[in-house]
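> Going left to right, the sequence shown walks through residues 1 to 209 as our numbering numbers them.
Honestly, the hints are just simulated from the structure, not real lab data.
Computed from a predicted structure; not experimentally measured.
One or more hints might be untrue.
[Stated by the list, open to error] DSSO-like cross-link-like pairs, simulated, lysine-lysine; straight-line CA separation at most 27 Å:
1) Lys-99 <-> Lys-27
2) Lys-11 <-> Lys-99
3) Lys-163 <-> Lys-99
4) Lys-27 <-> Lys-11
5) Lys-99 <-> Lys-191
6) Lys-191 <-> Lys-163
7) Lys-28 <-> Lys-191
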Amino acid sequence: MMDLTQPQWVKHVVFHPFEGFEDLRWKKGGTLKYTAIIIAALFVALIALDRWCGFQFRPLPDALFSVVPYLMRSVVYFAAWVLGNWAVCTLLDGEGTMKNIAIYSSYALIPYIVQIFAQVILSHVLVRAEGVFFDTVYYVGIIWTAVLLFNAIKAVHQYTFTKTVAAIILTLFAMLVILFLAVLFLSLFQKVYVFFYSLYTEILYRVRV
């Protein structure tokens with residue numbers, strides 16, 4: 001079995017989607033350091049797509065800028081995927097740990113991230129009539145990432161094809177539940193914060209009066 005460095009493992013799983021994750025599992029490759037780097041790259045890529053993409057392919061960005069939507073679409077969605085998959089696959093006798101799910105899933109996102117940066121570059125080179133190349137890059141990245149993600153979940157939990165499909169569908173449902181509960185919790189926290197802050201300001205006002 002091959003003995004690769006971490007960058008070589010990343011390259012191996014991306015270009016060998018069917019056996020790459022099995023090799024990664026067998027050799028216990030992959031680190032959370034690279035997972036953090038990949039998710040950070042996803043965060044930057046999403047900002048680049050909205051803010052720096054050519055106007056002929058994307059609408060002009062809003063004048064106001066906030067990192068919150070990009071954190072949601074990168075860090076929060078990824079965390080919900082990892083937590084949801086771990087919860088679902090624990091019930092389905094999956095062998096993957098939360099750490100391995102995070103590592104394998106992040107590696108699978110690399111083609112998606114690359115295609116975003118490629119789109120940003122192409123948007124300043126192509127004209128609108130050549131949009132087919134712009135769209136082709138997008139679909140290639142999406143399909144490539146979907147294949148990698150499927151094989152990542154299959155390898156990390158040692159599932160069959162059918163069980164992997166079921167696990168992914170249930171994971172998406174679990175993500176919706178997690179995100180709904182997170183929004184509910186944040187809303188409740190905000191109301192509690194506003195209540196105590198109003199109470200504090202009222203008491204402070206009366207003390208000063």
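> The structure should be examined with respect to each hint, and the outcome stated for every one.
We went through each hint and held it up to the structure:
no.: 1; hint: Lys-99 <-> Lys-27; verdict: holds (15 Å)
no.: 2; hint: Lys-11 <-> Lys-99; verdict: holds (20 Å)
no.: 3; hint: Lys-163 <-> Lys-99; verdict: holds (21 Å)
no.: 4; hint: Lys-27 <-> Lys-11; verdict: holds (15 Å)
no.: 5; hint: Lys-99 <-> Lys-191; verdict: violated (34 Å)
no.: 6; hint: Lys-191 <-> Lys-163; verdict: violated (42 Å)
no.: 7; hint: Lys-28 <-> Lys-191; verdict: violated (45 Å)
Of the hints listed earlier, those the structure fails to meet are numbers 5, 6 and 7, in rising order.
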